[in-house]
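Can you build the whole structure from these sequences, using the hints too?
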Amino acid sequence: MGTRITRRSVLKTAALGSAAIISAPYVRGAYAAGKLTLGCWDHWVPGANKTLDKICNEWGEKNKVEVHIDYITSQGEKDKLTAAAEAQAGTGHDIMSHRDWNIQVHQRVLEPLDDVVGQLIKQYGPISPVAEYLAKIKGTWRGVPTAVGSQVKPCQSRFDLFKEHAGIDLQDMFPADEAKYDKAKTDKWTWDTFLDSAQKLHKAGFPVGLPMGQTSDAVDWVGALFNSFGVVMVDAKDNIKINSDETRKALEYLKKLMAVNPPEVYAWDDAGNNRWMISGKGSSIMNPPSSWAVAKRDNPTVAEKIWHHPMPMGPKGRFVGQLPQFYGLWAFSKNKSAAKDLLLHMSQRESMAQLVEASFGYDLPSFKSMYDFDTWKKVGPPVGTAYSYPPRGDEQTSMAGAPARAEVGAQIYNQAINTVMVSKFTQGNEKLDDVIKWAEKELEGTLRV
Amino acid sequence: MADTVQSWGPDSIPDTAKAPVRVKGLQKFMRRHSTIAVLMCLPLIIIVACLIVYPAFYSIYLSMLNKSQTRFVGLANFTYLLSRDTFWMVVKQSAIFAISAVFFKALIGLITAHLVNNLPVKGQRKWRGMLLVPWVIPLALSTLGWWWLFDPTHSAFNYILKGMGFEEIAWLSDPYWARVSVILVNVWYGAPFFLIMYLAALKSVPEQLYEAASIDGASAWQKFIHITLPMMHNIIAITVLFSLIVTFANFDVVQIMTAGGPRNMTHVFATYSFLLGIRSGDLPLGAATSLFMFPILAIAAIFILRGVRKRGREIG
Chain R
880 MGTRITRRSV LKTAALGSAA IISAPYVRGA YAAGKLTLGC WDHWVPGANK
930 TLDKICNEWG EKNKVEVHID YITSQGEKDK LTAAAEAQAG TGHDIMSHRD
980 WNIQVHQRVL EPLDDVVGQL IKQYGPISPV AEYLAKIKGT WRGVPTAVGS
1030 QVKPCQSRFD LFKEHAGIDL QDMFPADEAK YDKAKTDKWT WDTFLDSAQK
1080 LHKAGFPVGL PMGQTSDAVD WVGALFNSFG VVMVDAKDNI KINSDETRKA
1130 LEYLKKLMAV NPPEVYAWDD AGNNRWMISG KGSSIMNPPS SWAVAKRDNP
1180 TVAEKIWHHP MPMGPKGRFV GQLPQFYGLW AFSKNKSAAK DLLLHMSQRE
1230 SMAQLVEASF GYDLPSFKSM YDFDTWKKVG PPVGTAYSYP PRGDEQTSMA
1280 GAPARAEVGA QIYNQAINTV MVSKFTQGNE KLDDVIKWAE KELEGTLRV
Chain G
2 MADTVQSWGP DSIPDTAKAP VRVKGLQKFM RRHSTIAVLM CLPLIIIVAC
52 LIVYPAFYSI YLSMLNKSQT RFVGLANFTY LLSRDTFWMV VKQSAIFAIS
102 AVFFKALIGL ITAHLVNNLP VKGQRKWRGM LLVPWVIPLA LSTLGWWWLF
152 DPTHSAFNYI LKGMGFEEIA WLSDPYWARV SVILVNVWYG APFFLIMYLA
202 ALKSVPEQLY EAASIDGASA WQKFIHITLP MMHNIIAITV LFSLIVTFAN
252 FDVVQIMTAG GPRNMTHVFA TYSFLLGIRS GDLPLGAATS LFMFPILAIA
302 AIFILRGVRK RGREIG
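Protein chains in written order, with the working numbering: chain R, 880 to 1328; chain G, 2 to 317.
You can trust all of the hints, since none of them are fake.
Below 25 angstroms or equal to it, Euclidean Cα-Cα: the simulated DSS-like pairs (lysine-lysine) are:
id: 1; chain 1: G; residue 1: Lys204; chain 2: G; residue 2: Lys224
id: 2; chain 1: R; residue 1: Lys1320; chain 2: G; residue 2: Lys68
id: 3; chain 1: R; residue 1: Lys1120; chain 2: G; residue 2: Lys68
id: 4; chain 1: R; residue 1: Lys1015; chain 2: G; residue 2: Lys68
id: 5; chain 1: R; residue 1: Lys1134; chain 2: R; residue 2: Lys1320
id: 6; chain 1: G; residue 1: Lys163; chain 2: R; residue 2: Lys1160
id: 7; chain 1: G; residue 1: Lys68; chain 2: R; residue 2: Lys1017
id: 8; chain 1: R; residue 1: Lys1316; chain 2: R; residue 2: Lys1116
id: 9; chain 1: R; residue 1: Lys1128; chain 2: R; residue 2: Lys1316
id: 10; chain 1: G; residue 1: Lys68; chain 2: R; residue 2: Lys1116
id: 11; chain 1: R; residue 1: Lys1316; chain 2: G; residue 2: Lys93
id: 12; chain 1: G; residue 1: Lys93; chain 2: R; residue 2: Lys1320
id: 13; chain 1: R; residue 1: Lys1128; chain 2: R; residue 2: Lys1310
Because the hints were derived from the structure by calculation, they are not lab data.
Shown next as C-alpha cells:
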C-alpha cells in the first residue's frame, strides 16, 4: 500500500517546516544536532555559571545538541591566553567569550554574526554604541554582546557621608525611578561639584578612591572623564588630537582631584578601590556593584549606605565607562548553524533576565530596552541601590580609546596611555607640555600598521 | 635414541638460530656509549625541540610580521621598538632589575653559605633546609604573599613601621620604591639557589689549603681572598650567568606586584612583551620585545663562559 501524496499533505508538511525554521532558523541545516563546546568567562558571583549552564542545556535538550561549557577565569588573563592559543591553532571551542577588545584582536578568525545581531536588534531595539564600536568591525558584527560579565562603572558612593560632609543628598538627586529624575537637580551633578565634594570628604577623613594604575577600572573612569571634557586622543581618521585645550583643562582638573585621593591609588589594581570602599574608609569609587555585593557579606553596615548613581557631567556631557563582553564564533567551528541558534537563544530577553538576576544585577545587557529588569529595582539593602547602575537619564556609555579605529583604540586602552599621562602629570609632576608630547609619541606608535 | 642425536651441519641450523648474528650486531650497536647516550637523551631532545627550539624559531618568524600577521616586514618591529622612549625605559629597568638582583643574590648567598658552612655539622642540615624554603615555594604563590605585605593600602610592613613611630612607605605606589620592592622579592626568592651552590663549592675546597695558610699566619680575610674566592671563581661565574638569564626573563614577580606600573616604571622585557603581545593583541611586536633579551644574554654568556674556560685551562 503506497503513500498517497496529496496537495493538502504537501502544504501541511511545508507549514510545519516553516514553523521549525522560524523557531530555530539555524539548527535545521545540515549540521543539526551534534556537539557544541563553549569557552565562557568564569563568573565571580557564586552560582551565576549554573544559570548559564541551565539556559544552554535547555536549548541543547530541545535541539538535540550536546552542549559542553568550560569556564575560564580572567585571572592572569587566562581567558585571553586561551582565545589567543585557539585562534593561532585554528582549533578549540566553537563559541568563546571575549572581553573588551578581543573581538577586534581575533576578527580574522571570527565568523560574521550579522544575521544573529541583526535579529536581536530587530527584537530589542538599538544596541549600546560601545558594544557596536568593539564588535562591529568594518561593518560586520564579529561578536554577539552578552550580559554575562558586561558592566558599566558609574559612581558608587556613601550617601550618608555625602549628605553629612558635602551637603549633597544623592538619593534625592538620583532616586530609584528614572521618571522621578529632576533635570534641575541632576544637572548640578558636575565634575566641579564632584571635586568640591571630594575636597570636603578628604578633609572629613573619608577620601574618594579613584584608581590611577594601568588596569581597566582606572582606564575606564579616566576615559569617561576625558570624554566629558571633550578630549580626543586619536580620531577615527588616525589624526592625533591629544594636543588640545580640552586635554589641558582635563589634566589641570585631575591635578586638583588626585590631590584629595589617597596616595596609593597609583598602585591600585581593579580590587584596590573595592577594598577601599568595603573598609569603610572611602566615600566614593567608580565601579559596578561588585564591591557593594562583597560589602553586603563582609561589612553590611557599609553596604547599606552605598548608592549607585550616574557619573558627574562635564562640558561635553555625562559619560560612564562601559566594558561589554561578547560571544564569538570561531570560523573553524564545525557546527556554526547550531552555534548561531544557541547564541540567539542565550541573548533572548528571558535568558538575559535570568543572567542579570543570578549576578544580583552586576551583569548588564547591551540593549537599553532591557534596563527595566526588576533585579535593579529590588536588590538591597538599601533597596534601589543598584537602580541607577545601568545608564539612566542623560548618561551615555563610553570607551577609552574611542573614537580611534578599534585596532588603535585597543593599543591606547591596553597600554593605559590616558592614566599614565595623568600619573606623569599628577604624581610625577612632569610639565604639562612634556606629558602631552610623550602621549603624542606613544599615540604615533599605536597607528603602526 | 637416534632421533635425539643432533647433527651440526649447516643445513640443520634452524632459521631462528641464525638470528643471533643480527642480535650480536644490535648489541654491539647498543653497547656504543654514544648511541646509548643519544637514545637516553632522545626524550629530552624531543621535548626541547618541541617546547623550546620550535617556539624560539617561531617567535623569530613572528617578530618579522606586521601587526595583523599578514605581511613580512623584516626588522621593522625591531627598529620601531628602538625608536620608542618607553622601550628604552624598559631596557634600562630590565638591566637595573637583573644586575642589582643578581648582585644581591650572590652577595647574600655567599655570606649565608659561609655562615652555614661554619655551623656545627649536627645542626647544619636544619638550617640548610630552612634557608631553602623561599626557593621551594612556587614563585607566583610567594609573590602574592609579598604583595599582601606591600599592599598599597593595608601594608603589613607599614603597620609595623607606623607602630614603631616611623613614616609609612609607598612600597608599590611610588615608582622608585616599587622598583626596590620587586628587586627585594626577586632577591628573597633567588638567594637560596646561590647559597646551595656556594655551599657545595665551599665544601669542595681542600682543608689543607686553609691549614697551610694558617701556618703561614694568614688572617680569615686573607684566606677568603686568596683561597676561597679563587677556588669558587668558576662556580660564581656559572651561577651568576644562570641567574642573570633567569632574572632577565623574570615575569611573575613584576606582573603580580606592579604589572609594570606606576607609570610603566617597573616593566621588564617579559611583562612589556606580555602587555604588547597578549593584552594589546600585537603578537609580532610582543615577540620582537622578548627577543631583545637574546643578544644581551648571549653577550653576557660569551664573556662569562670565556672566563670559565680560561680559568679551566689555567687549572688544567
